[in-house]
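2 protein chains.
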Amino acid sequence: MNNQQLKHVRINDRFWRTRMDVIRDVVIPYQWDALNDRIQDAAPSHAIENFRIAAGEAAGEFHGAVFQDSDVAKWLEAVAYSLITDPNPELEHLADEVIELIGRAQQADGYLNTYYTVKEPGKRFTNLRDNHELYCAGHMIEAAVAYFYATGKRRFLDIVCRFADYIDTVFGPGEHQIQGYDGHQEIELALIKLYHATNEAKYLKLSQFFIDERGKQPHFFEREAANRGDDSLAPWVDPHYQYHQAHLPVREQDKAMGHAVRAMYMYTAMAQLASLTKDQALAEACRRLWDNVTQRQMYITGGIGSQECGESFTFDFDLPGDTSYTETCASIGLVFWAHSMLQLEKDRAYGDVMERALYNGTISGMDLEGKKFFYVNPLEVWPQSCENRKDKQHVKTVRQKWFSCACCPPNLARLTASVGQYVYSAEDEGVYVHLYISSEAEMEVGGQKVKLSQTSEYPWEGDITLTVTPEQEANFTVALRIPGWCRQPRLTVNDQTVDLDAFMKKGYVYLDRNWSKGDRIHLSLPMEVELIQSHPSVRENSGKLAIQRGPIVYCLEEVDNGSNLQAWMVSIDTPFTVQFEDDLLGGVAVITGMAERVDTADWGDELYKPASSRTVPARLKAVPYHLWGNREPGEMVVWIREKHS
Amino acid sequence: MNNQQLKHVRINDRFWRTRMDVIRDVVIPYQWDALNDRIQDAAPSHAIENFRIAAGEAAGEFHGAVFQDSDVAKWLEAVAYSLITDPNPELEHLADEVIELIGRAQQADGYLNTYYTVKEPGKRFTNLRDNHELYCAGHMIEAAVAYFYATGKRRFLDIVCRFADYIDTVFGPGEHQIQGYDGHQEIELALIKLYHATNEAKYLKLSQFFIDERGKQPHFFEREAANRGDDSLAPWVDPHYQYHQAHLPVREQDKAMGHAVRAMYMYTAMAQLASLTKDQALAEACRRLWDNVTQRQMYITGGIGSQECGESFTFDFDLPGDTSYTETCASIGLVFWAHSMLQLEKDRAYGDVMERALYNGTISGMDLEGKKFFYVNPLEVWPQSCENRKDKQHVKTVRQKWFSCACCPPNLARLTASVGQYVYSAEDEGVYVHLYISSEAEMEVGGQKVKLSQTSEYPWEGDITLTVTPEQEANFTVALRIPGWCRQPRLTVNDQTVDLDAFMKKGYVYLDRNWSKGDRIHLSLPMEVELIQSHPSVRENSGKLAIQRGPIVYCLEEVDNGSNLQAWMVSIDTPFTVQFEDDLLGGVAVITGMAERVDTADWGDELYKPASSRTVPARLKAVPYHLWGNREPGEMVVWIREKHS
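Residue numbers (this note's numbering), protein chains in the order written: chain A, 1 to 645; chain B, 1 to 645.
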């Protein structure tokens with residue numbers, strides 16, 4: 001399902017609906033204030049003002065990052081998704097005004113970018129490597145497509161089509177065109193969306209061009225740098241452009257490298273192109289990269305990007321929890337990619353990772369009130385260390401109000417507002433259920449409309465009821481993802497047990513039958529508390545276990561467990577209890593258990609002494625990782641020491 | 001014992017004598033080549049050339065760091081110590097020539113610093129904060145004092161006295177004097193040495209002045225910066241000058257902060273001043289700082305400085321093994337300080353730490369051949385991580401040939417060449433034995449000469465024999481340090497058992513008796529293999545144990561134990577065997593034991609799965625930490641996972 005079809009999914013899930021309400025009621029208004037420099041104590045964004053200046057309606061200088069325009073675009077995209085689920089004429093009017101402003105800032109030839117219009121006129125497309133010019137274009141296109149689907153209004157879509165048409169004249173294989181691509185991938189996936197919205201094949205072709213050009217020799221970034229007489233490189237950029245995933249032609253890449261968000265956006269476009277064009281070499285590259293990311297470089301939270309320098313991947317099994325970058329945007333990008341891999345082929349490996357990122361490493365980026373954000377999502381925090389060590393300076397121990405580089409908050413807003421598009425997909429052969437989010441959906445299957453109604457208390461309980469309502473009785477398939485974390489799934493259709501093994505393929509159970517109105521599927525996914533271990537080559541997690549229940553990864557916080565969380569130990573025999581606490585953190589399943597702690601009572605002043613490990617039993621309390629830091633600040637750990645029993 | 005008395009200690013210890021030979025035969029000639037830019041593939045030092053230019057005997061520019069002169073000084077100091085133990089007319093002649101060159105580079109008023117003479121004439125003493133001017137002076141003074149003791153020649157001493165006299169006119173409480181101090185402490189301890197060598201009280205007073213001025217408000221560094229119209233600060237310098245230990249008057253300091261080497265040099269001077277002047281407030285500050293460093297901020301190897309940024313201390317219990325700085329020079333500084341604390345009061349706490357640093361974190365800085373050096377001494381190395389992660393870029397996985405900032409190699413050379421001075425001390429009441437290093441010593445006790453002869457296979461065996469030979473029978477005390485690591489020490493005098501408890505005070509056993517020629521003390525210090533744990537607040541070492549035997553801290557290397565050293569586990573029941581291997585690493589006691597390893601055989605491709613810890617028994621082999629990296633490069637760990645049994 002893409003965001004065109006989002007209109008046909010209504011979320012009424014307690015877990016997600018609450019978050020969507022926060023996006024609508026708090027985040028979107030807050031971000032609007034931010035874009036207009038009305039947030040006290042936060043760095044001014046200047047983003048709207050830049051458009052006014054570019055439109056000739058205000059005087060002044062461009063301010064902000066070269067990609068400042070993208071904040072406005074991401075805000076508009078979130079607004080569009082919100083308008084789909086929660087119509088709001090006032091908000092729509094405001095968005096229309098912003099779109100008109102954007103239109104007035106567009107140049108006569110279709111070009112649209114306030115940095116190059118205001119600050120460096122005449123220098124368009126001279127530094128693709130560093131200046132995010134096509135990245136901004138991509139976000140503008142994504143926003144316009146979403147707004148078109150949300151409102152049916154073509155104004156914004158027309159603006160970005162004119163811009164894309166202009167880009168199509170500048171870039172391409174022709175003699176007077178640029179054989180190049182952007183330093184920060186984004187335009188590639190945006191052009192595919194534009195293709196879907198307009199049916200204009202040229203946009204798909206242009207996306208493909210950018211993907212195909214990447215990493216070719218002689219290297220575009222070098223030719224481009226020579227043209228502008230510039231031999232500088234930012235300290236985090238390597239001379240082979242792994243940082244930009246431009247070190248090799250994309251079909252030859254097999255390890256995720258460089259800036260994690262850029263990688264995700266590129267892999268997303270690659271997977272979609274492979275699916276649309278049946279490009280097998282591209283599909284194979286996607287699968288190799290997928291395996292590398294998810295089997296070698298992904299945190300248990302769905303976080304990616306192991307180091308701050310370059311906000312980047314490092315190497316296989318390098319997954320430190322306390323110095324990771326694990327940017328919110330990177331996990332969001334992983335959701336995009338997983339979703340696109342599901343378009344390429346139905347395999348729960350993709351759905352499982354999509355779920356892992358959605359329920360853990362993405363939403364950890366925002367507090368419950370929607371007012372504070374994490375850019376970096378560590379798996380282990382010792383506040384004193386983050387405050388005192390330069391190498392942990394990027395790890396914030398409490399969520400921040402707003403960032404000077406404000407990519408994550410609006411990205412999370414658009415993801416949350418559009419979560420409906422990830423739940424189902426409608427294919428020729430039938431309907432797929434990828435996620436368990438209470439909702440009403442309407443899809444077209446084999447020429448007729450089918451309604452699906454899903455209810456559960458997911459992610460806290462694994463009992464899911466789906467009601468299938470075709471317009472009339474018909475033969476088609478309903479396929480459900482059986483999550484990889486579930487050991488004993490059970491499924492009934494109209495109370496008749498289905499032998500799952502018999503109908504499973506790559507983690508999806510295929511229910512192919514004659515469906516009548518009101519047929520009821522009941523899926524039971526027992527959620528046991530599980531202790532998870534990492535591949536032994538993840539040295540950082542040696543001798544440590546993480547608590548997971550269903551799709552939710554848990555953590556220990558100091559507020560519940562005292563300071564020095566490294567003193568805690570669990571064993572595979574530790575008995576755990578799950579209790580839903582309605583008043584805690586917006587309602588949450590809490591896990592407690594009698595574990596053990598190092599006994600520090602009589603230690604004394606010595607720094608080192610002969611081993612005499614003494615532990616005392618103590619009650620441990622774990623809360624979902626994505627909710628950490630919503631109470632008193634303090635220590636946090638995901639990976640807990642294992643006591644071998 | 002100070003280096004004046006070094007002349008009266010002859011080392012014939014297998015362990016140290018080998019290292020002293022390497023210093024004499026390899027390091028001193030190699031460093032001479034380095035100072036003269038004759039090492040291929042190493043950054044040119046230019047240090048000797050700078051003196052030629054300053055002397056007007058060569059043309060050209062100053063090259064190198066502002067403290068380049070100190071490399072020449074440290075080389076001369078090492079040469080001096082080497083000449084004491086191994087007379088070498090040729091080397092002495094070479095040193096004399098260098099000293100003459102230094103003399104010719106000295107300015108008419110006594111000033112001596114090639115940077116300010118050649119590169120910034122007229123700017124003397126305008127940027128004490130950053131430019132190491134008095135630091136270089138201090139090293140020149142230390143070298144000159146050592147050379148005077150070694151050769152009896154006054155030429156070099158006269159040069160530095162003229163320089164010190166000049167400094168004494170520039171700095172002081174007077175109206176036209178500078179009320180300031182150097183950014184890098186060193187002159188303070190050097191002036192005390194100069195005072196001992198010359199008996200000139202003004203040098204002691206000047207040292208005291210520098211110590212007393214430090215940290216006073218209004219802040220000298222700010223006044224100085226304002227004078228030169230400079231408001232820049234290096235990124236590692238904090239605005240309160242904790243980096244320089246100038247955030248508070250020294251008597252008010254109670255936590256070690258900032259650059260670890262600077263701290264050590266300052267604390268060394270403070271302890272010596274406290275001892276010489278009976279300044280109780282200063283002594284108290286020394287004790288508080290000592291407790292903070294050794295009970296809160298010291299690695300088990302005697303390494304100090306937990307982070308690369310600022311090469312500095314961080315905060316209590318922050319002791320990561322893989323990102324530490326633990327500079328060789330800082331551990332050397334800790335030896336100086338411990339030695340000075342022993343002058344202040346006899347307590348084995350000081351001797352134990354001196355021994356810990358000497359046998360572990362200092363000598364790890366050099367390879368067995370004396371040709372390669374570590375600046376940073378990590379306790380955990382995963383080469384792939386150091387090569388790929390920016391936050392571990394400072395951690396080298398193999399020793400390096402020479403450094404552009406070449407402080408550590410010559411510092412280690414002078415420490416090793418002068419190790420004799422740390423073994424004994426002669427006080428009014430008798431003789432102290434602080435270290436167990438086979439040697440012959442001659443001391444004056446109560447007006448008569450006493451010879452001490454010490455033999456052992458230390459640090460591999462703990463059986464020590466001391467023969468006491470006074471000129472004639474006399475009453476005096478021989479006090480021996482009973483190392484804190486020893487659980488069951490035994491001592492006999494002429495085969496008669498001494499009740500240690502009855503004669504122990506602060507870890508020293510006091511043998512007060514009538515000594516005759518040839519009286520024999522036999523001290524037995526059984527060396528058990530011990531598993532050591534860290535204070536529970538050292539989160540980095542939670543659930544981990546280190547292997548120690550006697551004063552030697554052990555480590556695992558990949559060459560002996562395969563890759564992924566984090567897969568190893570030991571328990572307090574693991575049976576260990578000690579075997580001396582003559583052919584390994586120059587002769588070394590190796591520790592082996594049947595431990596356990598995580599079984600990784602059937603893991604598969606998954607990154608995360610439910611816990612099912614399986615371990616297999618495997619033979620672990622540990623070698624002394626200070627010798628790591630002398631064979632094939634690979635992983636190394638000091639702290640090994642504990643399996644609770």
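These are calculated hints, taken from the structure and not from any lab test. Each hint should be verified, as a subset may be incorrect.
Same chains, same label: a pair holds when it works inside one copy or across any pair of copies.
Listed below are the simulated DSBU-like cross-link pairs for lysine-lysine, each with C-alpha atoms no more than 35 Å apart in a straight line [as the list claims (entries may be wrong)]:
| id | residue 1 | residue 2 |
| --- | --- | --- |
| 1 | K372 | K505 |
| 2 | K7 | K216 |
| 3 | K278 | K401 |
| 4 | K609 | K372 |
| 5 | K278 | K621 |
| 6 | K621 | K609 |
| 7 | K119 | K202 |
| 8 | K153 | K621 |
| 9 | K205 | K505 |
| 10 | K609 | K390 |
| 11 | K390 | K371 |
| 12 | K517 | K505 |
| 13 | K278 | K371 |
| 14 | K609 | K505 |
| 15 | K372 | K621 |
Computed from a predicted model, the values in this text were never measured in an experiment.
Consistency of the hints with the structure:
no. : hint           : verdict
1   : K372 with K505 : neither (42 Å within a copy, 59 Å between copies)
2   : K7 with K216   : neither (40 Å within a copy, 69 Å between copies)
3   : K278 with K401 : neither (44 Å within a copy, 55 Å between copies)
4   : K609 with K372 : between (44 Å within a copy, 33 Å between copies)
5   : K278 with K621 : neither (49 Å within a copy, 55 Å between copies)
6   : K621 with K609 : both (30 Å within a copy, 22 Å between copies)
7   : K119 with K202 : within (31 Å within a copy, 64 Å between copies)
8   : K153 with K621 : neither (51 Å within a copy, 73 Å between copies)
9   : K205 with K505 : within (33 Å within a copy, 86 Å between copies)
10  : K609 with K390 : both (30 Å within a copy, 34 Å between copies)
11  : K390 with K371 : both (27 Å within a copy, 32 Å between copies)
12  : K517 with K505 : within (26 Å within a copy, 92 Å between copies)
13  : K278 with K371 : neither (43 Å within a copy, 59 Å between copies)
14  : K609 with K505 : between (56 Å within a copy, 21 Å between copies)
15  : K372 with K621 : within (25 Å within a copy, 50 Å between copies)
Of the numbered hints given earlier, the model fails hints 1, 2, 3, 5, 8, 13; all others are met.
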